[in-house]
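A.B. asks: Chain by chain, the residues run as shown.
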Amino acid sequence: MKKIIVSGFITGCILFVVSYGGLYLAVRYFPSLFTEYFNPLFNSDGSRDVLFYLHAFIFSFALSWFWDRFKTMFKGVFILRGIEFGLVYSVIALLPVMWISFSALDITVAMVSSWFIYGLIQATVAGMVFAKLNP
Amino acid sequence: MLYRNILWATAVLLTSFAKPVETKKWLISESSSLSVNGTTNINKFTCDIPAYDQTDTLMLSRRNKEIILSGDIRLKIQSFDCHNSMMTHDLRKTLKEKEFPRLHIRFLSLSEYPELTAKPATITGFVDIELAGASKRFQVNYQVSIDAQKNIHLLGSQDINFSDFNLIPPRKLGGMIKTNDKLSVAFHLKMKALN
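These protein sequences, in sequence, are chains A and B. Mapped onto the working numbering, the consecutive letters of the first sequence carry residue numbers 1 to 135. Mapped onto the working numbering, the consecutive letters of the second sequence carry residue numbers 1 to 195.
Bound conformation, chain A alone (with noise of 0.2 angstroms):
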């Protein structure tokens, strides 16, 4: 359990740093894409920003646990352990919520595949680091 918590939260901190670093860069350096979260669906008056800074811990947490129980099935090296499992997070977790986001809501398929693409790279690195921190 011990193991859970603290790479859990080692990893929230890498993953804060990466998201939202690599966000900032994205805002910065593409903003076109960014256009379209001027709608109604994204809350707009801050009241939720502390939510939002936190997913990077909510996520890791979630992550280390399911590394726990299953990182015997993660073989090789750290960085093939980190790629498979953040393909397996993908394909299991985040496709079918991307699917059903994408059906029920007023967004683009570009939006769509950049939050999957998101998901996949922070995922990736979860595994990494847990690869290293919870072999």
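Everything labelled a hint here was simulated from the structure, so no lab data went into it. Keep in mind that a hint or two might mislead.
Stated by the list, open to error - The calculated SDA-like cross-link candidates involving lysine to any residue, where the alpha carbons are at most 25 angstroms apart (straight line), are:
id, chain 1, residue 1, chain 2, residue 2
1, B, Lys178, A, Met73
2, B, Lys93, B, Lys136
3, B, Lys96, A, Phe42
4, B, Lys182, A, Pro31
5, B, Lys98, A, Asp45
6, B, Lys93, A, Pro31
7, B, Lys178, A, Leu33
8, B, Lys178, A, Glu36
9, B, Lys93, A, Leu94
What the hints assert, rightly or not - Covered, in the sense of this in silico footprint (three residues per stretch, anywhere, with C-beta under 8 angstroms from a C-beta of chain B), are these stretches of chain A:
id, stretch
10, 83 to 92
11, 119 to 133
Where a beta carbon is used, it is the ideal one built from N, C-alpha and C, also for glycine.
Please build the complex by placing chain B on the supplied structure of chain A, with the hints as guidance.
C.D. replies: Using the frame of chain A, we list chain B on its own:
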């Protein structure tokens, strides 16, 4: 008490003799428009109300040195078009369209009596702008002119802030994408003189 009564009576007498020198009535045409320009940290946007859906009049009168421009326009927030359906919906939501469906501009005064010529004259004037349930007074820069068809053109422009009306500029993704507080409002009233 006696002095106060005398002063009061004098003031009433003076105002009753100070009749408006001239009063003009201008009918606002449907082709009048309003546009709002704003910026975000990723783009610029323009939202327009391309036509005025009501028949209203403005009254211009002169009382001593004071130039009074009275009348108001009430614009539907729903008429705003930001040329991007999502952004249009977002602006309407930000302006609390469901609770306050109209933007209200109340004209109050002009700095000088406008001489109507083909060459636009630059003057200023005060207006009250009521938006999302909050009202604020602004000094607006005007350009007034008249064309060959006797249409009077009153172009007004003024920078306002979302915060002037207790509104929060839209911000998305934890503030990574944010709209700047300042908005530039410009309106173009096309009018016909009724007298």
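A.B. asks: A separate judgement is required for each hint: does it hold in the structure or not?
C.D. replies: Quick rundown of the hints versus the structure:
Of the supplied pair hints, the one linking Lys178(B) and Met73(A) is violated, its CA atoms being roughly 43 angstroms apart against a limit of 25 angstroms. At most 25 angstroms may separate the alpha-carbon atoms for a hinted pair to count; Lys93(B) and Lys136(B) meet this at roughly 20 angstroms. At roughly 16 angstroms between alpha-carbon atoms, Lys96(B) and Phe42(A) fall within 25 angstroms of each other, so this suggested pair holds. Simply put, Lys182(B) and Pro31(A) have alpha-carbon atoms about 20 angstroms apart, close enough for the 25 angstroms limit, and the pair holds.
Distance restraint check for Lys98(B) and Asp45(A): the Cα-Cα separation of roughly 17 angstroms lies within the 25 angstroms cut-off, and the hinted pair is therefore satisfied. Only pairs whose Cα atoms come within 25 angstroms are accepted, and Lys93(B) paired with Pro31(A) is accepted, the gap being roughly 23 angstroms. With a CA separation close to 14 angstroms, the supplied pair Lys178(B) and Leu33(A) stays within the 25 angstroms bound. Straight-line distance between C-alpha atoms of Lys178(B) and Glu36(A) comes to about 13 angstroms, which keeps the hinted pair within the 25 angstroms bound.
A threshold of 25 angstroms between alpha carbons decides the hint, and for Lys93(B) with Leu94(A) the separation of about 30 angstroms lies outside it, so the pair is violated. Residue count for the stretch 83 to 92 of chain A with a Cβ under 8 angstroms from a Cβ of chain B: 0. That is fewer than the three needed, and the coverage hint is violated. Check on the stretch 119 to 133 of chain A: 0 of its residues sit with their Cβ under 8 angstroms from a Cβ of chain B, so the three-residue criterion for coverage is violated.
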